[in-house]
Amino acid sequence: MTETKKTTIVLFSGDYDKAMAAYIIANGAAAYDHEVTIFHTFWGLNALRKDEDVLLPKKKSFIEKMFGKMMPRGSNHMGLSKMNFAGMGPKMIKDVIKKHNAVPLPQLIEMAQEQDVKLVACTMTMDLLGLQQEELLDGIEYAGVAAYLGDAQDGNVNLFI
Amino acid sequence: MTETKKTTIVLFSGDYDKAMAAYIIANGAAAYDHEVTIFHTFWGLNALRKDEDVLLPKKKSFIEKMFGKMMPRGSNHMGLSKMNFAGMGPKMIKDVIKKHNAVPLPQLIEMAQEQDVKLVACTMTMDLLGLQQEELLDGIEYAGVAAYLGDAQDGNVNLFI
Amino acid sequence: MTETKKTTIVLFSGDYDKAMAAYIIANGAAAYDHEVTIFHTFWGLNALRKDEDVLLPKKKSFIEKMFGKMMPRGSNHMGLSKMNFAGMGPKMIKDVIKKHNAVPLPQLIEMAQEQDVKLVACTMTMDLLGLQQEELLDGIEYAGVAAYLGDAQDGNVNLFI
Chain A
0 MTETKKTTIV LFSGDYDKAM AAYIIANGAA AYDHEVTIFH TFWGLNALRK
50 DEDVLLPKKK SFIEKMFGKM MPRGSNHMGL SKMNFAGMGP KMIKDVIKKH
100 NAVPLPQLIE MAQEQDVKLV ACTMTMDLLG LQQEELLDGI EYAGVAAYLG
150 DAQDGNVNLF I
Chain B
0 MTETKKTTIV LFSGDYDKAM AAYIIANGAA AYDHEVTIFH TFWGLNALRK
50 DEDVLLPKKK SFIEKMFGKM MPRGSNHMGL SKMNFAGMGP KMIKDVIKKH
100 NAVPLPQLIE MAQEQDVKLV ACTMTMDLLG LQQEELLDGI EYAGVAAYLG
150 DAQDGNVNLF I
Chain C
0 MTETKKTTIV LFSGDYDKAM AAYIIANGAA AYDHEVTIFH TFWGLNALRK
50 DEDVLLPKKK SFIEKMFGKM MPRGSNHMGL SKMNFAGMGP KMIKDVIKKH
100 NAVPLPQLIE MAQEQDVKLV ACTMTMDLLG LQQEELLDGI EYAGVAAYLG
150 DAQDGNVNLF I
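Protein chains in written order, with numbering that gives the first Met the number 0: chain A, 0 to 160; chain B, 0 to 160; chain C, 0 to 160.
Errors might be hidden in some of the hints.
Which copy is meant is left open, so a pair is good if it fits within one copy or across any two.
[As the list claims (entries may be wrong)] Derived lysine to aspartate or glutamate pairs resembling DMTMM-like cross-links, with alpha carbons at most 20 angstroms apart:
| # | residue 1 | residue 2 |
| --- | --- | --- |
| 1 | 4 | 153 |
| 2 | 59 | 34 |
| 3 | 93 | 150 |
| 4 | 59 | 94 |
| 5 | 4 | 63 |
| 6 | 59 | 113 |
| 7 | 49 | 2 |
| 8 | 97 | 115 |
These are calculated hints, taken from the structure and not from any lab test.
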């Protein structure tokens, strides 16, 4: 009997390139039959934001509105960790991704959901940044650091990205 | 008989938000009865600096004084990895932390010490940056990469932050 | 019988200081008789670039030439993750490394190769950034995420840097 391997990634970063790396590893691990979890915390939550305007049940405070405006709305709007060049960098990366028939980030996230990668939003950070469940992708889970540690302590591959 | 689980974090980053993530995971793991070590190296050492002036037994060289001046003195003075906005970002984060009764970084570090999280300062980096033991918090340990690896090789959760 | 321990590092970052941390841990682990792999992806590939001009068998596209020009050519030309100060930071770090008889990054990479640390270049990113094997150091391996996961899933220390 072989035990199922586990891969658990904390996605802290809100950079397009780092999130790409996280999702490429996650999709690879899922293809290898690992049980895979990505725990999105701090700026990593932005990868899970919806692109469109949503009707919010709870009114946002001034500072929550500011965070909402300043942070990228969804994976397609994230910048690069290096050579961002006021937004030209992401365009260059997206161009070469297209040219090489590689998979851009929004599709990597869809693939992960199709492969049953567990996408978790950190509730503590949602609270701090004023993000509400309605603003995030459907079909994700909500949990805190205790749930992350429960997964990670039996993990074979644990990464902080 | 269940074995004690181990969590070992390398804190390389000197960013307020990343250090918060490191200490939240560390405190969570300690609450879960893990044996927890945070190995502070490079800019992560700044989280361990004392806020006040200290009398140093060894005179600093010019370059060591410059590093000392340029690097944040203690966790409360660290910037953000994203949206730092010349210091406004950390203020915003500290405001929302207060508003949501979350725990700011200096208190997270105190909690870690109370929970017997082992806080280690990397002696090689201290040497490079010219930091002396008198400038760092009391009750921490001093070690090099060999000690880190000794802990990490039996770790269940190993992260580089 | 004791099993050989394994250390597996994803080097995503193209920063001098982060690459130093990766190679110090890798060399330490190799000295501890771990089987060590560094998987260089995205900007981490720059640590493996040769310093000199090379005759390339395949002509580069315009965008590939741009990436080639903008990215640092080899570990000695990489910037710092913090306090880069338009290139003054790396000089300061190199000065203190020299003064303290510590080992600069290019020599850390040589040491790793002598200690049989497996240096791997991520073929997917090479393709995206238009890097060719002729531009990278001799004696390294080429692989994708599947090979990385094959190593990492049995790893004792897995880090993403």
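For each hint, the structure was consulted:
In this assembly of identical chains, residue 4 and residue 153 lie within 20 angstroms of each other by CA distance both inside one copy and across copies; the values are 9 angstroms within and 9 angstroms between. Proximity of residue 59 to residue 34 under the C-alpha cut-off of 20 angstroms is found in neither arrangement, the shortest distances being 36 angstroms within a copy and 40 angstroms between copies. Proximity of residue 93 and residue 150 under a CA criterion of 20 angstroms is satisfied in neither setting, with 33 angstroms inside one chain copy and 29 angstroms between copies. Taking identical chains as interchangeable, the C-alpha atoms of residue 59 and residue 94 lie at most 20 angstroms apart only when they sit on different chains, with a minimum of 15 angstroms there against 36 angstroms within one chain.
For a Cα distance limit of 20 angstroms, the shortest separation of residue 4 from residue 63 qualifies neither inside one copy, at 39 angstroms, nor across copies, at 38 angstroms. In this homomeric assembly, residue 59 and residue 113 never come within 20 angstroms of each other (Cα to Cα): the closest approach is 32 angstroms inside a single copy and 36 angstroms across copies. Taking the shortest alpha-carbon separations for residue 49 and residue 2, neither the intra-copy value of 36 angstroms nor the inter-copy value of 43 angstroms comes in at or below 20 angstroms. In the homo-oligomer, the alpha carbons of residue 97 and residue 115 never lie at most 20 angstroms apart, since the shortest distance is 25 angstroms inside one protomer and 37 angstroms across protomers.
Hints 2, 3, 5, 6, 7 and 8 from the earlier list are contradicted by this structure; the remaining hints agree with it.
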